[in-house]
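Visitor: The lines below spell out each chain.
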Amino acid sequence: MEKNVALIALFAALIAALGLIPKVTLGFGVPITAQSLGVMLCGTILGSKRGGLAVLLFLLIVAIGVPLLSGGRGGLGVFASPSAGFLIGWPVAAFVTGLIVEKWRGAPLMIVAGIASVIGGIVVMYAFGIVGMSIALEKSLIEAAGLTTAFIPGDLLKAGIAGMLTAALAKARPASVLSRADAV
Amino acid sequence: MNWGDPMISLTSPTKTKAHGWPAGAKLAALCVSTVALFYVQNAAIHAVIFVGILTLYALPGRAFFMAGLRALRLLWPFIVVVAIWHLWTGEVALGAAVILRMMSAVALANLVTMTTLLSDMIDVVRTITRPLTRFGLRPNILELAIALVIRLTPVLVEKGSLLSQSWRARSCRPSGWRIILPFTVLALDDADQVAEALRARGGFDALKEN
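Just so you know, the protein sequences line up as chains A and B, in that order. Using our numbering, you'd call the opening residue of the first sequence number 1 and step up by one each time. Using our numbering, you'd call the opening residue of the second sequence number 1 and step up by one each time.
Incorrect hints may appear among the rest.
As the list claims (entries may be wrong) - Pairs of lysine-lysine residues, derived as DSSO-like cross-links and limited to a Cα-Cα distance of at most 30 Å, are as follows: (1) A:K49 <-> A:K139; (2) A:K103 <-> A:K49; (3) B:K159 <-> A:K171; (4) A:K171 <-> A:K3; (5) B:K159 <-> A:K3; (6) A:K103 <-> A:K171; (7) B:K159 <-> A:K49.
The set of hints was computed from the structure by calculation and includes no laboratory data. None of these values were measured; they are calculated from a predicted model.
Between the sequences and the hints, there should be enough to build the whole structure, so can you do that?
Guide: As structure tokens, this is what we get:
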């Protein structure tokens, strides 16, 4: 129990710390942050339940007014903004990513973690994000989806990195990839 | 890689009357007014509401007002996209209503954050998570976890910047994403140590139930 709470808290802090890495700008001017990579890693490394809870804890702390989102954002305002849907989708994204890594044992971990990050961190997260934007901006779902496409290349890149990092961690310290280990 | 310093809290150092109001009441009022904002379709009414909110920001003085405006700046990409979109389609009134409503919703939410102490927010979290006790959630463990994250984030950031310094001392290429692997391992090791330290102090059983 203590171990699980410590892991959840440390990975919430890891997402926060990744938000302080300066943004990288892709070739066509779209900024990407490492923070959503942290969400994917929560799922691929901690697994569904702990990963989802770590992201939920992180968001709770952001909501009560600690500016831990990238760019020093935080407070209740970010949950009222048009991009709030993405944030609400974060814990679900980590949960789904973790669930896929836990259940799908038939392929190399790098592939599994990468694909899990695409499904959780992109498909699930964008589903929430697009609904949020379509409500806030009064656009149809298709139109809102169109507005978010610029960010997909960056997120695909992050999913690939999440896959590689998870596989590298499994090679170096197999016991640390808790999504594949038995409950602590 | 340069790692910035995390700020402590978004609560405004400018003391206002609203700092003393109960946090739960402010949050309830925020919920009601945000829902209400979505029922208003008229751009003129939205303009009046937004000016009203700006007036609230202006009451505590210049520093508070400027801090409030700075917090709204993160909306500019949405404002630009919606403005261009509606100038293109010619539905200018609808575009104005969407932009004003978006700014009002975020400004109202920020207003609650700026006038509420972190400790008051944590009290609200304790109250609203109380029903979850029946599903096995222990509020004092949640509070401990919140405190751990707030305490450990600067520790991790410090370790991360040491990592990137040691990278730079050994390589002229930027570290990029590679550094995230040792960084994740650091977090996992810290979690081991924190868990041991908690258990050495009697673990969660030693936490007093409120």
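Visitor: Which hint numbers does the structure go against, in order from smallest to largest?
Guide: Hint 1 is the one this structure does not satisfy, whereas the remaining hints hold.
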